[in-house]
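Protein chains in written order, with UniProt numbering: chain A, 1 to 783; chain P, 1 to 78; chain R, 1 to 613.
Source of the hints: derived by calculation from the structure; they are not laboratory data.
Positions of the beta carbon are idealized from the N, C-alpha and C atoms, including for glycine.
Check each hint, because a few of them may be wrong.
Just the calculated beta-carbon pair ranges, DEER-fashion [unchecked claim]:
| hint | chain 1 | residue 1 | chain 2 | residue 2 | range |
| --- | --- | --- | --- | --- | --- |
| 1 | R | Lys595 | A | Leu529 | 21 to 31 Å |
| 2 | A | Leu529 | R | Leu446 | 31 to 41 Å |
| 3 | A | Lys712 | R | Lys328 | 34 to 44 Å |
Here are the simulated DSS-like cross-link-like pairs (lysine-lysine), alpha carbons at most 27 Å apart as the crow flies [unchecked claim]:
| hint | chain 1 | residue 1 | chain 2 | residue 2 |
| --- | --- | --- | --- | --- |
| 4 | R | Lys349 | P | Lys6 |
| 5 | R | Lys312 | A | Lys626 |
| 6 | R | Lys258 | A | Lys728 |
| 7 | R | Lys470 | P | Lys51 |
| 8 | A | Lys64 | R | Lys470 |
| 9 | P | Lys51 | R | Lys482 |
| 10 | A | Lys749 | R | Lys328 |
| 11 | R | Lys258 | A | Lys747 |
| 12 | R | Lys312 | P | Lys6 |
| 13 | R | Lys249 | A | Lys64 |
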Amino acid sequence: MAEMENAKGSTLRYACGNVLSFFILILIGVLAFSIRLFSVIKYESVIHEFDPYFNYRVTQFLTKNGIYDFWNWFDDRTWYPLGRVIGGTVYPGLTLTAGSLWWLLNSLNIPLSVETVCVFTAPIFSAYAAWATYLLTKEVKGTGAGLTAAVLLAMVPSYISRSVAGSYDNEAVAIFALIFTFYLYIKTLNTGSLFYATLNALAYFYMVCSWGGYTFIINLIPMHVLLCIVTGRYSSRLYIAYAPLVVLGTLLAALVPVVGFNAVMTSEHFASFLVFIILHVVALVYYIKGILSPKMFKVAVTLVVAVGVVVCCAMMAVLVALVASSPTKGWSGRSLSLLDPTYASKYIPIIASVSEHQPPTWPSYFMDINVLAFLVPAGIISCFLPLSDASSFVVLYIVTSVYFSGVMVRLMLVLAPAACIMSGIALSEAFSVFTRSIKFQMPKLLDDSDPVPGDIASANSVVQSNQAKVEKHSAVDKSEGTLKERPQKKSKKKEKEPLEKASIKSQIEKKLLVLPLESSVLAILLLVLLGAFYVVHCVWAAAEAYSAPSIVLTSHNHDGLHVFDDFREAYAWLSHNTEVDDKVASWWDYGYQTTAMANRTVIVDNNTWNNTHIATVGTAMSSPEKAAWEIFNSLDVKYVLVVFGGLVGYPSDDINKFLWMVRIGGGVFPHIKEPDYLRDGQYRIDSQATPTMLNCLMYKLSYYRFVETDGKGFDRVRRTEIGKKYFKLSHFEEVFTTHHWMVRIYKLKPPKNRIRGKTKKSKSSPKTSASKKDDRVKKNPWR
Amino acid sequence: MAQAPKPIASPVPEAWYPSMAALMLVFGLVFTASFFIYEATSSRKNRSIAKELTTGALASVFLGFGSLFLLLATGVYV
Amino acid sequence: METRFALFFFFFFFLLIALLSTPVFSDLVITKVDRKIDLTSHIVRISSSLKVENAGPDVVSQLLLTFPEYQAKKLAYLTASSAEGKGKSKGSSANLPVEVVQPEGVPPALTFYSVSLPRGLGKGESLNLDVFAVLTHSLQPFPEEITQADVQLVLFQDSAHYLSPYEVKAQVLSIKLPSPRVESFTKIQNTKLVDSEIKYGPYENLPAFSYSPIIVHYENNRPFAVATELLREIEISHWGNVQITEHYKLEHGGARTKGGFSRIDYQARPNVRGASSFRRLIVKLPPRAHSVYYRDEIGNVSTSHLWADSRKTELEIEPRYPMFGGWKTFFTVGYGLPLHDYLFESDGKRFLNVSFGSPIAEVVVDNLLVVLPEGSKDISVSVPFSVKQWEEVKYSHLDISGRPVVVLEKKNAVPEHNSHFQVYYKFNSFSMLREPLMLISGFFFLFVSCIIYMHADLSISKSSASYLAKLQWYEVQATVQKLHEIMVRCLTVHDKLEASLRDLSRTGDVQACKAMRKAADSLLKDLSKDLKPLLVFLQSSLQAAQIYQKVEELVVKEKELQEKLMSKHTMVVDAYEKKSAGRELENRIAALQQKLTTLRQEVDDLIDVIDEI
């Protein structure tokens with residue numbers, strides 16, 4: 001009877017396998033979504049960090065005013081008095097995605113706030129990214145590898161760090177778009193279907209909308225095409241995969257305002273056009289080769305080569321001229337710093353000052369991709385057995401992304417999907433080898449013990465029971481429900497895959513690959529253990545390392561959890577107790593948050609598009625009080641906000657960032673010199689500090705009346721007593737300090753308090769006051 | 001006010017919501033699975049629309065109530 | 001400021017003159033007035049107990065209460081109750097109807113409220129009356145701007161004499177202050193300050209409309225929490241929840257802060273350097289409140305504490321920053337309440353019974369929304385005081401037609417307004433199924449679209465070669481599937497035969513075995529008949545050329561297997577019948593068995609291969 005069931009089961013097996021992998025995919029999606037909810041559970045449903053606040057604000061604007069106003073939005077609440085054309089300078093993909101998601105939900109009468117939608121956009125899209133990874137890997141190496149890669153991607157820490165709930169940043173959707181574009185490219189390459197080629201261009205368009213990292217795609221795909229041509233893998237499928245992408249993709253990319261003509265004018269895109277031309281030449285050659293006799297072909301080749309060389313030279317000359325005519329050789333600063341890792345630190349302090357633009361350290365590799373780092377080489381090897389168009393693409397992908405991640409820690413994010421795909425392939429291949437050898441040895445073992453003869457089909461059930469055993473082993477760690485599925489689906493797959501290609505002779509082949517039973521069981525156990533380790537690490541990373549929203553800080557002490565909610569305290573105070581049109585000056589890090597949370601106009605923000613403006617603020621912060629007052633007053637600033645961690649030991653405060661202010665300020669206004677702030681090359685704020693340091697505005701605003709807290713003025717971040725303890729502010733007045741002193745807000749004293757007796761005059765004649773203002777402006781260091 | 005107003009409570013005790021949600025969703029998913037297996041195994045020729053519709057309807061009823069109870073259990077009172 | 005005081009006095013002097021000339025309204029005489037003014041919080045509560053006597057000949061059923069305009073504008077709440085009988089216990093239940101009237105010939109600086117007496121007062125009859133009035137915003141901070149370190153001083157003005165259109169025989173006034181620290185107060189005859197209470201009177205035999213302005217300037221550091229706007233939203237779900245969401249726009253209504261706020265001063269001595277500020281507010285929630293949250297537009301406010309016992313739930317909330325004079329903040333408090341405590345049914349109508357005002361003690365301008373479930377009809381509201389009221393529609397989770405909303409608006413509400421109100425509506429229990437039906441139809445739509453996709457033929461060109469080939473391929477697939485089924489059934493028959501042999505060896509029942517054999521024979525014949533057209537089709541089909549080889553092989557192998565099995569069966573049965581268990585026979589059977597096993601394996605493999613197609 002078992003036999004019959006088995007025979008019948010085999011009809012269903014395929015369908016069951018599909019439905020099972022469908023459910024597994026859904027579970028992977030749920031896993032990807034829910035592992036990112038630690039931040040909501042441990043903290044709250046809130047937007048994280050800095051850039052997400054800007055995106056949130058833009059989304060709010062979009063949902064309130066509609067798409068047309070969004071494109072034309074000139075934001076006068078930032079970069080005062082310059083303002084910023086938001087519609088033309090943001091990558092709109094993320095905002096449009098969340099905005100339309102919100103619109104859809106609300107039109108279905110599901111009343112979620114914009115904030116909620118924004119908070120959960122990233123987890124939703126990481127589920128999509130996991131599914132896209134499945135599709136991509138499936139195209140490369142089959143379903144089993146696809147599922148494994150999807151599970152790995154669903155919880156790879158590097159991606160979690162950018163896509164926890166609340167981390168509403170471009171990367172959240174861009175990684176999905178990246179993988180999906182690659183999938184469609186591979187799919188087109190495998191099928192040669194124009195339908196997928198068009199979809200590919202659309203996916204590329206979405207990627208261009210979402211993230212500046214789209215240049216990675218438009219350089220990687222040409223590289224792969226070139227590789228295929230060079231290795232003699234040219235086919236019409238390759239042509240269909242590439243040519244429409246370049247034409248349609250470039251046209252679509254030019255539609256995005258922030259890219260615009262950059263899509264054809266900057267060097268980042270030239271590679272794709274060059275390969276486009278090469279591809280056509282090759283296609284022509286193949287075509288001519290097809291219609292001509294070999295002899296004629298040789299003649300044609302000489303002819304074409306002669307003409308081709310001339311044309312190429314002309315093209316090159318034009319290209320070189322184009323490139324040379326632009327100041328940065330046609331490359332944007334960030335791209336240049338990719339090619340030359342030392343570029344940024346040499347020329348652009350504002351890029352170098354961002355920690356995520358630094359090269360990563362080895363521990364950060366382990367932290368971010370964990371065991372995948374060890375599995376990647378195995379994956380590369382199995383990609384070469386056999387090498388197909390698709391597998392050569394993923395090999396190229398991993399190689400380039402490893403290089404980029406080595407340049408900038410932020411690009412670890414691009415490496416993560418590649419590492420997941422490779423490790424997925426490696427793991428799935430390994431499982432397939434081991435379970436196969438177990439499967440072929442199990443019947444023999446059973447035959448010895450079981451007297452019933454000739455039940456081959458029983459082998460099947462035996463394998464299944466064996467699977468169950470393996471599953472039981474794998475269930476060592478209860479927390480990893482997903483891990484339990486992995487061997488299951490692998491073996492499921494194993495049953496299927498060999499049979500798929502199957503024939504009887506393949507069984508003989510398979511027998512040759514059989515490993516000893518004990519060693520394969522052991523190896524499976526070890527692999528499961530490795531997976532368990534990965535899962536534990538990922539859950540830890542998601543729960544502990546990457547879940548903090550950074551606007552709320554917590555610390556554990558003996559009497560439980562202590563919450564530091566100072567940032568929002570300050571922003572809430574600003575938003576409710578100052579005038580709507582007041583301008584707030586702070587270092588650019590807090591610009592986005594101030595506009596989004598406090599709804600006040602800021603001078604500079606995290607979109608560092610105008611270096612001079614930032615340098616002005618930096619100069620003001622590093623000037624003595626009077627000069628700073630003049631700079632700020634000329635900028636119409638009413639409040640100055642500084643972040644100070646000295647009381648509670650919050651290390652990333654303004655004093656620690658101060659040297660960057662000096663550097664950036666000094667880069668534009670040479671009277672600010674970095675050595676003035678350093679004593680023997682050392683940055684210090686204690687009694688050894690230079691007088692310039694002790695008299696600058698930042699020092700004064702940070703430490704004003706600080707000494708009264710403990711009588712000594714002990715700074716817990718710098719672990720020292722401050723240098724100048726008792727001083728008064730003459731041009732600024734403290735208006736608010738948060739509970740833990742982390743944010744201090746000062747108001748510029750009005751000029752009439754300063755210039756006694758002249759107030760009446762200036763009031764009575766506006767003309768004189770204007771002229772006085774002009775004088776002041778002239779004294780400004782940045783004029 | 002009329003005599004003896006009677007308090008109104010939910011038709012299903014609130015304590016049952018989580019288990020109801022789990023039960024219904026499991027049933028719903030089983031039916032969904034059988035629906036898709038049927039879709040995948042039967043060829044276009046020998047597929048019966050009645051069977052598809054009944055399985056689909058059963059699955060959607062269970063999934064619908066399951067998700068309703070899930071919403072209620074999580075505190076979204078519709 | 002001095003000039004302002006002078007102006008006040010001047011104004012009241014005029015007022016007095018004006019009033020004295022107004023006609024006497026009726027022959028009522030107030031024989032005794034006992035007024036108590038409570039100034040301890042920022043809400044002024046005046047409770048006066050009157051003893052009224054009818055001195056005239058006519059029966060009087062109306063009593064007029066008088067307030068100067070500056071008080072009338074800030075009057076939030078006014079009740080009069082007759083304290084008839086002995087005990088005071090009756091007082092609250094017998095609230096008398098009060099309405100604004102404007103008799104002829106009185107200056108507009110006075111506002112009159114007419115109280116309908118429970119019964120007409122005949123000649124010489126008397127009545128005890130308790131009047132309770134609540135004033136808001138009538139404590140004027142002076143100085144208007146203070147620094148962080150200053151205490152908050154406020155002014156309160158009233159008349160030392162009871163302002164009334166009737167003659168007042170005897171009266172006393174006592175003003176209760178939060179602390180004995182009084183800056184100044186108007187001293188007229190019979191004034192004394194005892195502890196934290198100022199006593200005026202007794203004064204006797206004053207004519208109607210006598211007015212003697214007094215001003216008290218004293219220290220009041222109680223929280224001047226004013227909700228400039230409060231929106232309470234009550235949403236009923238018949239699935240077991242009443243959700244209440246309250247949006248507060250809160251302001252410190254006291255003296256404005258001047259100069260900056262210094263955290264170090266505040267932290268060092270919060271009671272001295274921040275005396276006028278307040279940090280925390282207590283929200284008294286109903287018992288069994290659950291899922292309480294406290295947030296503002298930028299997220300959760302982490303400073304709150306919740307205590308709950310069976311009788312009440314108390315939430316201590318702390319705004320993000322200490323509230324100083326003039327500072328504002330905004331926050332939202334939300335909680336759920338069990339349905340059965342608040343929703344009742346009577347006479348086929350359902351009604352909600354919740355309290356009106358805010359659970360925080362302060363002055364509010366109130367805007368109350370009651371969201372009823374989808375499908376409610378015939379809505380009516382009963383509120384114990386006058387409110388502005390209209391209806392709206394709100395769309396919430398899984399709605400189609402939207403939920404009816406009753407909006408009640410009340411300006412200047414005080415804690416005394418915190419009484420229960422009822423919203424009556426009709427509701428059909430089946431309407432509860434609307435939301436699940438939405439969900440179900442959503443899922444069903446998904447399945448139906450899946451079915452449609454599977455059934456629909458989406459190819460554009462119906463005559464292209466590839467399309468035709470595909471159609472043919474489907475046919476081939478179907479045929480192969482059928483063939484596969486037949487093969488599986490054949491194998492099942494084989495298994496049955498094997499089983500019958502085993503049975504034979506166990507029971508020795510030859511007849512059963514033979515019957516089995518017969519049945520199997522006919523079955524196999526039928527199957528092979530069915531098989532034929534399929535094979536013919538496969539042979540003819542171009543698409544199946546590859547498969548056909550395999551199929552043919554399978555059919556041949558199966559035939560062989562069948563024959564072998566039959567011969568084995570015959571042999572064994574024969575052996576049983578003849579009872580000859582020769583070794584030779586056994587050997588032959590064993591040989592056959594071996595062949596059978598290999599054949600069977602091959603057939604199984606082939607079936608698997610075909611199955612994969």
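Evaluation of the provided hints:
At roughly 47 Å, the beta carbons of lysine 595 of chain R and leucine 529 of chain A sit outside the given window of 21 to 31 Å. Taking 31 to 41 Å as the suggested C-beta distance range, the pair leucine 529 of chain A and leucine 446 of chain R conforms, at roughly 40 Å. At roughly 37 Å, the beta-carbon separation of lysine 712 of chain A and lysine 328 of chain R lies within the given 34 to 44 Å, and the hint holds. Our distance criterion of 27 Å between C-alpha atoms is met by lysine 349 of chain R and lysine 6 of chain P, whose separation comes to about 11 Å.
Taking the CA atoms of lysine 312 of chain R and lysine 626 of chain A, the gap is near 57 Å; set against the 27 Å cutoff, the hint is violated. A C-alpha spacing of about 19 Å is found between lysine 258 of chain R and lysine 728 of chain A, which places the hinted pair at or below 27 Å, so the restraint holds. Pair hint lysine 470 of chain R plus lysine 51 of chain P holds up; C-alpha atoms about 26 Å apart against a cutoff of 27 Å. Distance restraint check for lysine 64 of chain A and lysine 470 of chain R: the Cα-Cα separation of roughly 51 Å exceeds the 27 Å cut-off, and the hinted pair is therefore not satisfied.
For the given pair, lysine 51 of chain P sits about 20 Å from lysine 482 of chain R by alpha-carbon distance, which is consistent with the 27 Å threshold. Annotation: proposed proximity of lysine 749 of chain A to lysine 328 of chain R holds, straight-line Cα distance about 22 Å (limit 27 Å). A hinted pair counts as satisfied when its Cα atoms are at most 27 Å apart, and lysine 258 of chain R with lysine 747 of chain A qualifies at roughly 13 Å. With a C-alpha separation of about 23 Å, the suggested pairing of lysine 312 of chain R with lysine 6 of chain P holds against the 27 Å cut-off.
Pair hint lysine 249 of chain R plus lysine 64 of chain A holds up; C-alpha atoms about 22 Å apart against a cutoff of 27 Å.
This entry does not satisfy hints 1, 5 and 8, going by the numbered hints stated previously.
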